[in-house]
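Produce the entire structure from the sequences given, and follow the hints as far as they go.
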Amino acid sequence: MYELRGIRKVFADGTVAVEDISLIVGSGEHVAFIGPSGAGKTTLFRLLNLTLRPTAGALIFEGQDVSALSDAGLRRTRTRIGTIYQQQNLVGRLRVVHNVLAGYLGRWSAATALASLVRPRDVAGAGRALAQVGIPEKLWARTDELSGGQQQRVAIARVLVQDPDVILADEPVSAVDPSLAVSIVTLLRDLSHESRKTLLMNLHSVDLALGHFPRIVGVREGRVLFDVAPDKVGPELLAELYAGHRDEELQLEQLRDGKVSFGAACRPLPGFRK
Amino acid sequence: MARGAVARPGRAAPLLVGVGFAALLAWSWHGTAVDLPGLFGGEGLRQVATYVVKLFPPDLSAGAWRDAATGAVETFAISLIGSLLAVCVGLPLSLLATRTLLYRGILFEARRPGPGARAVRVALYAAGKAVLNLLRTIPEIVWALIFVFMVGLGPFPGVLALGFHTGGVLGKLFGEVLEDVDPAPLEALQATGASRFAILVYGVLPQALPQFVSYALYRWEVNIRAAAMMGFVGAGGLGQRIHIAISLFQEHQLMTLILAIYAIVTLVDALSAFLRARLV
Amino acid sequence: MARFPSARPADRFRASGSKRLFPYLFTAVFAACVVFSVREAQVDPRVFLEGDALGNVAKFVRGMFPPKLDVEFLGLMAGPAIETVQISVMGTAIAIALGIPLGLLATSSLTWRGVLHERTSRTGRWLLGVVPYAASRAVLSVFRSIPEYVWAFMFVRAVGLGPFPGVLAIGVAYGGMLGKVYSEILENVSPRPLETLHAAGASRVGVILYGLVPQALPNVIAYTLYRWECAIRASAILGFVGAGGLGQQIELSMRMFQFDEVLTLLAILFALVASVDFISGRIRGWVA
Chain A
1 MYELRGIRKV
11 FADGTVAVED
21 ISLIVGSGEH
31 VAFIGPSGAG
41 KTTLFRLLNL
51 TLRPTAGALI
61 FEGQDVSALS
71 DAGLRRTRTR
81 IGTIYQQQNL
91 VGRLRVVHNV
101 LAGYLGRWSA
111 ATALASLVRP
121 RDVAGAGRAL
131 AQVGIPEKLW
141 ARTDELSGGQ
151 QQRVAIARVL
161 VQDPDVILAD
171 EPVSAVDPSL
181 AVSIVTLLRD
191 LSHESRKTLL
201 MNLHSVDLAL
211 GHFPRIVGVR
221 EGRVLFDVAP
231 DKVGPELLAE
241 LYAGHRDEEL
251 QLEQLRDGKV
261 SFGAACRPLP
271 GFRK
Chain B
1001 MARGAVARPG
1011 RAAPLLVGVG
1021 FAALLAWSWH
1031 GTAVDLPGLF
1041 GGEGLRQVAT
1051 YVVKLFPPDL
1061 SAGAWRDAAT
1071 GAVETFAISL
1081 IGSLLAVCVG
1091 LPLSLLATRT
1101 LLYRGILFEA
1111 RRPGPGARAV
1121 RVALYAAGKA
1131 VLNLLRTIPE
1141 IVWALIFVFM
1151 VGLGPFPGVL
1161 ALGFHTGGVL
1171 GKLFGEVLED
1181 VDPAPLEALQ
1191 ATGASRFAIL
1201 VYGVLPQALP
1211 QFVSYALYRW
1221 EVNIRAAAMM
1231 GFVGAGGLGQ
1241 RIHIAISLFQ
1251 EHQLMTLILA
1261 IYAIVTLVDA
1271 LSAFLRARLV
Chain C
2001 MARFPSARPA
2011 DRFRASGSKR
2021 LFPYLFTAVF
2031 AACVVFSVRE
2041 AQVDPRVFLE
2051 GDALGNVAKF
2061 VRGMFPPKLD
2071 VEFLGLMAGP
2081 AIETVQISVM
2091 GTAIAIALGI
2101 PLGLLATSSL
2111 TWRGVLHERT
2121 SRTGRWLLGV
2131 VPYAASRAVL
2141 SVFRSIPEYV
2151 WAFMFVRAVG
2161 LGPFPGVLAI
2171 GVAYGGMLGK
2181 VYSEILENVS
2191 PRPLETLHAA
2201 GASRVGVILY
2211 GLVPQALPNV
2221 IAYTLYRWEC
2231 AIRASAILGF
2241 VGAGGLGQQI
2251 ELSMRMFQFD
2261 EVLTLLAILF
2271 ALVASVDFIS
2281 GRIRGWVA
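Chains as they are written, first to last, in my numbering: chain A, 1 to 274; chain B, 1001 to 1280; chain C, 2001 to 2288.
Simulated from the structure, these hints should not be mistaken for laboratory data.
The reader is advised that the hints may include incorrect statements.
Below 25 Å or equal to it, Euclidean Cα-Cα: the simulated SDA-like pairs (lysine to any residue) are [stated by the list, open to error]:
#, chain 1, residue 1, chain 2, residue 2
1, B, Lys1129, C, Ala2028
2, B, Lys1172, C, Ala2274
3, C, Lys2059, B, Gly1152
Covered, in the sense of this in silico footprint (three residues per stretch, anywhere, with C-beta under 8 Å from a C-beta of chain C), are these stretches of chain B [claimed, not checked]:
#, region
4, 1097-1103
5, 1153-1164
A virtual CB, placed ideally from N, CA and C, is assigned to each residue, including glycine.
Structure follows, in structure tokens:
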């Protein structure tokens, strides 16, 4: 699916967000990315969903070097990659139905897109996607009237409508309460599994990553520190990953002391699909 | 600095600004021949008072009343259509005057336009800005003179004048709003593979719309006042009638017309406030 | 994708009746207004094609170039240009002088409502509060609703031609606008700090100086500067009714078909407006 060769990203202001990352992700794989904040995970995801262009190195998506893509090719490729952001990145003033149907924008013509704003095109599809994330009754609500957790589910519904080959989820649960977080991660995992989508997820919480993903990539200071199965991720590795980052070290201590168990509480919330 | 004492912020800058303003004021006082003592001392005040007394009572005969009402309606029409025309002129130009839609920002990170394409886009932006500046710089009254010269007397040149001048103002304001929208939703839309046009109508415009409406209503309030003025150069409305009344020393009718202006301006202010509360 | 749970039929989001009706009502009334106004304003784009409209434009544009740039003309115009700036400064000064007292009186939280007046008697409130409040609101409304050039016209009648009636016109019309906005800013000041000061035993003047003024000042200054930017444009326009400044020169040149002079004058006006915008923007930057 993805092949990264020596990817580096330097922003215009000189900050080096991604130092040097090489990685291969196969089709249908589920990979969790963990690491301290500021390690470059979000930038990496913005490179993977073709929002940013790498400063150096090659990003190959399905055998195609993306730097060679034309504007149209870039758009076509983007339709195959769905992104869920940490902040929901929805348009607050639009109704939920439009934010969900925005998943179709890569396939719709300009005229269809415009017409759908007046008379929504695939209301049934939007309704089904919302039902899957447990909030079918919010179809016609104004998006900015929803709570943070509900908005995050709208963002997931948009990706469901987009029906991409890869789902990139950048800290999708850091802004929602813990029990909902588990439901969302489970939902994304099961859904990608059923429809054989590739799933890449940035996670702040180590236990969610270790409990739900067969492959864990540790990112530190813009480099891959480790890339192993979850059972190989031990306390020493994590300590090295988070060295010098107070908050995350605290999280580790709780893990070690057994206050939080690996893969805790996988019960989905009511309204969520089993 | 003494131990324990906190540095006292410098007082030179405010003082300098204050002195500067005082000097500016004195210079302007002198230059504009302001004569407040003259105005308030005896002679001047009596002159004003005589004039004000002459205005009363307003002429409320059927003819004067009908004349004022017709003028008010015409002025209202000029301001409304002029403001609509301004939106039609300003909106497309504002899209050109928005850098984040043409060549920079999140929509152009993945694939920058080549040097040639970029030059064209920068030129488009510069041209859009230049046209808006031109429209905005020429006061509406000068536009009115130009259009009267072109298409003859009547309210239509007034409409065109308001449309062109206000179009320039709104285009600039709209462009600033467009550059200020939150880029995060745009990034998300782009990541779904949406075209620039789709991003514009799904991400940019919904965010900008309330501000657009608010600015358009604000300019309508300005335009109802300006529309009345158009008449001075022969572009219809209350202004024309006021001009005549003043020139012919018909003070009582002038008072009626002033009351009409007051009424129509207050009405539009109230309407605009109501719509702003309702739509934004 | 696998099976979907039976989705509840999504009810269309419905608000109260009036909210549902408003868009339709608004659209209908608005459309009617537009149609009526188009007729009333005699909008007729065909006039561009008939007669000599385009020829006139060509004549006008050709007449503008090259702009008149000889030293004698520029020297002659320096006076009116300076006068325009002076009218805007002096007009704004008078507007502030009128706007502050009227604006203070028109602020309900200062005159009769809220924390400062808990213990004032009913009659006291009415006599010393509500009456001056209502009166100043009415005066402000008259001041700002009559456009500045109508004021200018009347002041020309009352005090004669020249820049002074222009100053008075801007002063009165903008005084009305400043007063209204000042009172809005003051009423929107957060009441918490005022209550705290009041509870701490501060006098009314103390509450105003230490609670109200610091909160309101940045907005007051910003809006006043914005009005000054408007005043420079207005002072140029007022010349058209005989109140001095650049406007008078533009009108003269227009009437005499000296379009090369018009272009130069417009350029001067642009330079003035741009520099005032720049200065005011810088000051606003310091204040904010």
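Hints versus structure:
With a C-alpha separation of about 35 Å, the suggested pair lysine 1129 (chain B) and alanine 2028 (chain C) falls outside the 25 Å cut-off, and the hint is violated. Annotation: proposed proximity of lysine 1172 (chain B) to alanine 2274 (chain C) holds, straight-line Cα distance about 14 Å (limit 25 Å). A hinted pair counts as satisfied when its Cα atoms are at most 25 Å apart, and lysine 2059 (chain C) with glycine 1152 (chain B) qualifies at roughly 15 Å. Counting residues of the region 1097-1103 of chain B whose C-beta lies closer than 8 Å to any C-beta of chain C gives 0; at least three are required, and the coverage claim is violated.
Note: the region 1153-1164 of chain B has 5 residues with beta-carbon separation from chain C under 8 Å; the three-residue rule is met and the coverage holds.
Comparing the model with each numbered hint stated earlier shows that hints 1 and 4 do not hold.
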